[in-house]
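Colleague: Here's the letter readout for the chains.
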Amino acid sequence: MSELDQAGLARLRDGWISGGAAFELAPAEWKEVASAASPDEQERRLLAIAAQALDVALRPAAPKTLKRRQPLPVLALPMLPERLRPLLRAALKYAADARLKTRVATLVASRGFVTHPMDWMPAASDQAAPEVYAPWVDWQAGADGEKHSRREQLTAETWDDFYPAARRIALADLRRAAPALARTLIETKGASEPAEVRLALIELMRVGLSADDISFLKSLSADRSGKVREMAGRLLARLGERGNPTDAGPQDPTAELAAFIEEGKSGFLRRRTTYAPIKLKSPAQQARRADLFASCYFGDLVARFGKTEPDLIGAWQFGVDDNADRFLVLMVSVSGSDAAVACLADMLVAEGGKLTLLVLQLMLRLDSGRKRLLIRQILNDAQNLHALNLVEGAEAGWLEWGDLANGKTLSALRSAVSGDNDVMKRSAEQYIEAIGFLATAATAEKLIGDVVAAGLPPASPSLGLLRLNAALAENRSQSDR
Amino acid sequence: MQLDLKTIEALAPDQASLGAAAKLTKRSNWPRLEAYEHLPLIWGECQGSGSNPYRVAFDTSDHGYKCTCPSRKFPCKHILALAWIGATAPDSFALVDQTPDWVNDWLGRRRKPGQSPIPAAAGSEGKSIDEATRPAESAPVEDTAAAERREATQRKRAEDTRSAVSAALDELDQWIADQLRLGLAGFVDASSERCRRIAARLVDLKATALAGRIDELPARLMALRGEERPDAAIRELGKLVLLAKAWRAAPDDAELKRLVSTSETRDQILANPDAIQVESDWEVLGEKIETRRDGLVSHATWLLDLGSTTPRFALLLDFFPASAGRRSGAFAPGDRFKARLVFYPSRNPLRALVAERLGDVVAGAWPVFAPNTAGDPLAAYAAFQDGAPWLAECPVILPAGAIALDEKEGAWWQAASDPHGIALPVAGSVSQTLLGLDLAATAALWNGARLELLASQSSIGRLDLS
Numbered sequence: 001m002s003e004l005d006q007a008g009l010a011r012l013r014d015g016w017i018s019g020g021a022a023f024e025l026a027p028a029e030w031k032e033v034a035s036a037a038s039p040d041e042q043e044r045r046l047l048a049i050a051a052q053a054l055d056v057a058l059r060p061a062a063p064k065t066l067k068r069r070q071p072l073p074v075l076a077l078p079m080l081p082e083r084l085r086p087l088l089r090a091a092l093k094y095a096a097d098a099r100l101k102t103r104v105a106t107l108v109a110s111r112g113f114v115t116h117p118m119d120w121m122p123a124a125s126d127q128a129a130p131e132v133y134a135p136w137v138d139w140q141a142g143a144d145g146e147k148h149s150r151r152e153q154l155t156a157e158t159w160d161d162f163y164p165a166a167r168r169i170a171l172a173d174l175r176r177a178a179p180a181l182a183r184t185l186i187e188t189k190g191a192s193e194p195a196e197v198r199l200a201l202i203e204l205m206r207v208g209l210s211a212d213d214i215s216f217l218k219s220l221s222a223d224r225s226g227k228v229r230e231m232a233g234r235l236l237a238r239l240g241e242r243g244n245p246t247d248a249g250p251q252d253p254t255a256e257l258a259a260f261i262e263e264g265k266s267g268f269l270r271r272r273t274t275y276a277p278i279k280l281k282s283p284a285q286q287a288r289r290a291d292l293f294a295s296c297y298f299g300d301l302v303a304r305f306g307k308t309e310p311d312l313i314g315a316w317q318f319g320v321d322d323n324a325d326r327f328l329v330l331m332v333s334v335s336g337s338d339a340a341v342a343c344l345a346d347m348l349v350a351e352g353g354k355l356t357l358l359v360l361q362l363m364l365r366l367d368s369g370r371k372r373l374l375i376r377q378i379l380n381d382a383q384n385l386h387a388l389n390l391v392e393g394a395e396a397g398w399l400e401w402g403d404l405a406n407g408k409t410l411s412a413l414r415s416a417v418s419g420d421n422d423v424m425k426r427s428a429e430q431y432i433e434a435i436g437f438l439a440t441a442a443t444a445e446k447l448i449g450d451v452v453a454a455g456l457p458p459a460s461p462s463l464g465l466l467r468l469n470a471a472l473a474e475n476r477s478q479s480d481r
Numbered sequence: 001m002q003l004d005l006k007t008i009e010a011l012a013p014d015q016a017s018l019g020a021a022a023k024l025t026k027r028s029n030w031p032r033l034e035a036y037e038h039l040p041l042i043w044g045e046c047q048g049s050g051s052n053p054y055r056v057a058f059d060t061s062d063h064g065y066k067c068t069c070p071s072r073k074f075p076c077k078h079i080l081a082l083a084w085i086g087a088t089a090p091d092s093f094a095l096v097d098q099t100p101d102w103v104n105d106w107l108g109r110r111r112k113p114g115q116s117p118i119p120a121a122a123g124s125e126g127k128s129i130d131e132a133t134r135p136a137e138s139a140p141v142e143d144t145a146a147a148e149r150r151e152a153t154q155r156k157r158a159e160d161t162r163s164a165v166s167a168a169l170d171e172l173d174q175w176i177a178d179q180l181r182l183g184l185a186g187f188v189d190a191s192s193e194r195c196r197r198i199a200a201r202l203v204d205l206k207a208t209a210l211a212g213r214i215d216e217l218p219a220r221l222m223a224l225r226g227e228e229r230p231d232a233a234i235r236e237l238g239k240l241v242l243l244a245k246a247w248r249a250a251p252d253d254a255e256l257k258r259l260v261s262t263s264e265t266r267d268q269i270l271a272n273p274d275a276i277q278v279e280s281d282w283e284v285l286g287e288k289i290e291t292r293r294d295g296l297v298s299h300a301t302w303l304l305d306l307g308s309t310t311p312r313f314a315l316l317l318d319f320f321p322a323s324a325g326r327r328s329g330a331f332a333p334g335d336r337f338k339a340r341l342v343f344y345p346s347r348n349p350l351r352a353l354v355a356e357r358l359g360d361v362v363a364g365a366w367p368v369f370a371p372n373t374a375g376d377p378l379a380a381y382a383a384f385q386d387g388a389p390w391l392a393e394c395p396v397i398l399p400a401g402a403i404a405l406d407e408k409e410g411a412w413w414q415a416a417s418d419p420h421g422i423a424l425p426v427a428g429s430v431s432q433t434l435l436g437l438d439l440a441a442t443a444a445l446w447n448g449a450r451l452e453l454l455a456s457q458s459s460i461g462r463l464d465l466s
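Going line by line, the protein sequences match chains A and B.
Take the first sequence: its letter number 260 is residue 260 in UniProt numbering, and every next letter is one higher.
Take the second sequence: its letter number 454 is residue 454 in UniProt numbering, and every next letter is one higher.
Rather than coming from a laboratory, the hints here were simulated on the basis of the structure.
Keep in mind it's a predicted model, so treat the numbers as computed, not measured.
You may find that some hints are simply not true.
[Claimed, not checked] Distance ranges between label pairs, derived from CB positions: (1) A:Ser418 to B:Ser192: 49 to 57 Å; (2) B:Ala392 to A:Gly455: 46 to 54 Å; (3) A:Pro164 to B:Leu182: 55 to 63 Å.
[What the hints assert, rightly or not] Derived pair list, reagent style PhoX-like, types lysine-lysine, alpha-carbon separation capped at 25 Å: (4) A:Lys31 to B:Lys245; (5) A:Lys93 to B:Lys408; (6) A:Lys189 to A:Lys218; (7) A:Lys64 to B:Lys408; (8) A:Lys67 to B:Lys408; (9) B:Lys66 to A:Lys425; (10) A:Lys446 to A:Lys371; (11) B:Lys66 to A:Lys93.
[Stated by the list, open to error] Negatives, chain B to chain A, calculated, CB over 10 Å: (12) Gln154; (13) Ala322; (14) Arg347.
C-beta atoms are modelled at their ideal positions from N, C-alpha and C, and glycine is treated no differently.
Produce the complete structure using the sequences and hints provided.
Modeller: Laid out in structure tokens, this is it:
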């Protein structure tokens, strides 16, 4: 379109916007085409010409500054084969929240694949996503500069080449392989980071925590961030370093907490010491006790009673006060030594029943073997199957058929899906979904057949994760050939 | 299968439904009939009056059912026909070991009835399978005078309709002139009310299709930024002027009649020797489902011809009442199938019917279409407008490109080969993930102002964007 036409169109447009006859404003050629007997018809003809000019001859002008994102990084694992994507989408659709969707992605990653980014992407704040997704987490967080996430050795020199999520994972790897080197890096590079990042770095010290870390952690007692000081104190407590070694008299919070715990004796032939929470008289007391459990360290409490950690754990009277039990377990989780955590977990799992559920508070400190033991125990008595969805950091794809068949879970599931109770059916479907994550492919396949035979519709969405699990194994075996 | 005709009789809402179902039991109406090996479940696709086949599923144990047709009878004739075939010709069903996704969706949502299925004997009063299958009594032979009277009536009706539509277009012309006189600034602000009024008048004067288009005009304006609306109003109203003029010049033109008053029926299209038929492999690019102000839901399914060397599209368009609830379509984006499509006669044939579905096709990349010589991604749109300048949107295949954001976070498709030149604004918001992907080819609808993305091919495969 010529400049004259464009100028004419602009005049017409302005005329029509404000209203009234615009014929005289049109370019001469347009007027020739549009001339007609009635003024209204002239305007309509011009309108038709203008419409076509706008439609075909003019295009929306692109802004000069269009921003493009960096290309989505290619991940270290191959993308899920196209034919499995419907199964993935079905499993993701059934997963009720972000945590359960991440669990689906974890299963997929455990079988050597990543999801299609249009099916599932980790959020920028997602720290539970499988490590392989770190470049996408950084990409989501808007890391759009020149650098790229790299899977090379993390050193002081390459520190800035890593985006936050990738760096966190590389640092955790380094803590496992060379803890002293990682500590030095945190010490050198962390100091210049803001408090929030510093806290995340210090938190990583939990990986491979050892006595060699004591002096660095002690040096953090002068850190300007209260949260960092608190984190360092907890880590020191895990290493047996008492947070409050001197008796501060009646103002000592550990002493105040100890006053909420009653020492007693039990047994006729062999007298042994027991510890039980005293009966509280007011909500104020309950609140104070909760605060003290949250702020004191387990090592200090143990020392207060002059016992060892296993002694206090063994002597604790579980079941007297459920809240006190939970606070104590949380306290061990936060500041108990690795040995105390293991001892407490083993004891609670061995007790079974509802005490087993207290182990859920210890999940972040448990090794994979103990997590499996917990899950097996939950499946074995089938009393608290809902806890399967609460087990944090569980591994995918290890549960064998025997783990299901030897306990009460399988019969409980069969009975729920074949019965008429909708509530039980819905619960059973949630358990099936959870097992879909934990099971081996063979177990998944077998469980589908079993619950379908018991009456669950074969197309039930709750079978989505089991089906994906089973299909992933098929695919692996095909690609291996 | 535990089905018998007495059960179907009991299930039927009335005798008329049984009669209609009887006519649908012919195998040719059912391009797909399948049964699940391990469960009392049958399903199929029935070619109804819509452009898409209806999807029908039936649980033979508890007589639960699902059909995608808009009928308000429950169960509808399609369900009854499926069950009827199940009872009388179970071998017609191919046994499969996997249920399709749409059946899964239904099974996942449905709640089984607390009570046992309707006993076969109950509820069948006044309905009879025998009566439904009895051949209709032969119609009395029409005498010549009666035939002439009928034809005359039809001619009169057509003439009345044409006069009414002509009057409708006169009123539309006047209305457009009024909007220009009053100013488009005011029109944009009050478009909802003004369009509603003229649309109602057009309905009265039998210009129903045109009324529907004008009713949706405000929504199209409001989807744009404020400063773009006057231009969009000029485009929309100018196209209406062109359409009205074209109809006056050729009131019997099938395409123009379709756009102004009413569309042909499925049977008329199938029987039309001038209708183009294309047998090819098709991919479902995407769907566009919109609830219109007139209470109808329009369900558009866009297809791409995988066998053509230049981009060829087809549009399956169905309407159903919004009150009928959410319907699932016959196809999902990304589906591929071989089919014979019949196109509605048009200057740019797009709207089509699936005449015959001939099986599924394996997934894969799109064909590499020859780039247009002008290097203009909208060259197809310009050609489209040359033939039918009154049309509002046109499907296009865009070359390699990417999605970028402007300062107001508005999305733009930008050609890969010329990052500072060709860029087109994208309707609505886009997935953040899309911003990090290079798009090898993109299928979209261009309406003169915005691209509506349908699907893309990328280094990580097909992207569903509709």
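Colleague: Out of the numbered hints, which ones does the structure contradict?
Modeller: 5
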